[in-house]
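Visitor: Read off the chains here:
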Amino acid sequence: MLFQDIVFWVLSVLAIGASLGVVLVKDLFRAALLLVVVFIAVAGFFVLLSAEFLAVVQVLIYAGAIAILIIFAIMLTRDVQHGNLPNRFQIPAATLAAVLLAVMVAVAVDTKWDLLAGQAQSRAQAVQTSAVRTLESPGDLAGLERAGFATEGERTAAQEAGLADLLIGDFVLPFEAVSLLLLAAVIGALALVRPR
Amino acid sequence: MTLESMMIVAAIMFCIGLYGTLARSNVLVVLMSLELMFNGVNLTLVALAKYVVPVGIEDNIAAVLTGQVFAVFIITVAAAEVALGLGIVFAMYRNTESVDLANATELRN
Numbered sequence: 001m002l003f004q005d006i007v008f009w010v011l012s013v014l015a016i017g018a019s020l021g022v023v024l025v026k027d028l029f030r031a032a033l034l035l036v037v038v039f040i041a042v043a044g045f046f047v048l049l050s051a052e053f054l055a056v057v058q059v060l061i062y063a064g065a066i067a068i069l070i071i072f073a074i075m076l077t078r079d080v081q082h083g084n085l086p087n088r089f090q091i092p093a094a095t096l097a098a099v100l101l102a103v104m105v106a107v108a109v110d111t112k113w114d115l116l117a118g119q120a121q122s123r124a125q126a127v128q129t130s131a132v133r134t135l136e137s138p139g140d141l142a143g144l145e146r147a148g149f150a151t152e153g154e155r156t157a158a159q160e161a162g163l164a165d166l167l168i169g170d171f172v173l174p175f176e177a178v179s180l181l182l183l184a185a186v187i188g189a190l191a192l193v194r195p196r
Numbered sequence: 001m002t003l004e005s006m007m008i009v010a011a012i013m014f015c016i017g018l019y020g021t022l023a024r025s026n027v028l029v030v031l032m033s034l035e036l037m038f039n040g041v042n043l044t045l046v047a048l049a050k051y052v053v054p055v056g057i058e059d060n061i062a063a064v065l066t067g068q069v070f071a072v073f074i075i076t077v078a079a080a081e082v083a084l085g086l087g088i089v090f091a092m093y094r095n096t097e098s099v100d101l102a103n104a105t106e107l108r109n
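These protein sequence lines map, in sequence, to chains L and G.
The numbering used here puts the first sequence at residues 1 to 196.
The numbering used here puts the second sequence at residues 1 to 109.
Pulled out of the complex, with its shape left as it was, chain L reads as follows (with noise of 0.2 Å):
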């Protein structure tokens, strides 16, 4: 647990700083890698969260792939140096930024959080982490044992569990559409960006 504690403190003043960063600095370009930063530390949440998949992905996609395009198109563009301009509204901006956060603050604190408690909350793990599983060892049955699956088809439940489950189960329309709006995104992107 203290370890845990540790982790998540350096992860949050590395995230909260390097956000900070990437909207006040004026170079774009280091704004750009800041926000490699960002991303790996939200990875970083990811696994302390249970969610090794998700950190993954968060890695390939927005540290991979998502940052290097903006980093193109940084280079692309000029004025990169001192490109990080405000504009009028920084004060109407901040002040509204600060209420937000001070009505989220006050929501995630006030509110009675139907937690996962003892026994639901080590099960509910053993089911995040074994979203992700090798072939070498197929879920864990001892560990499934441990966490508080006692009969076989409880354990098979867990097992079975897992992201894609979900996603192809049901979920099934919302990943469809949202890959048919992949789809037409780089279509759209295609065609506003080819020549004339």
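Derived from the structure by calculation, the hints contain no laboratory data.
Heads up, none of these hints are tricks.
Only part of the chain G face toward chain L is listed, based on derived beta-carbon distances under 7 Å:
hint: 1; residue: E4
hint: 2; residue: N26
hint: 3; residue: A83
hint: 4; residue: F90
hint: 5; residue: Y93
Beta carbons are placed, not taken as given, at the ideal position from N, Cα and C, and that holds for glycine.
Please build the complex by placing chain G on the supplied structure of chain L, with the hints as guidance.
Guide: Relative to chain L, chain G alone:
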């Protein structure tokens, strides 16, 4: 590390992104700030998936992964948004020779 502390960190990231989106004049910085906001939302979803009892957990233990599925969708939408956003930035740069949002006035009048 609790649900609340995780959500507060995510909220701070979201609000920094909101400030950057509204108060910066460079369209590339606006895109980067949008990514910050997406990441804040993703962090909240995954934290809720870890700590809060999900709907339907009695029928199917896989319900604890619902928040992560939502995060997967948001990451996909963010990728589509960046592809389109950078396409628009390039089109704008070609037409106005600038990435300053104050110069993007073609739709006015």
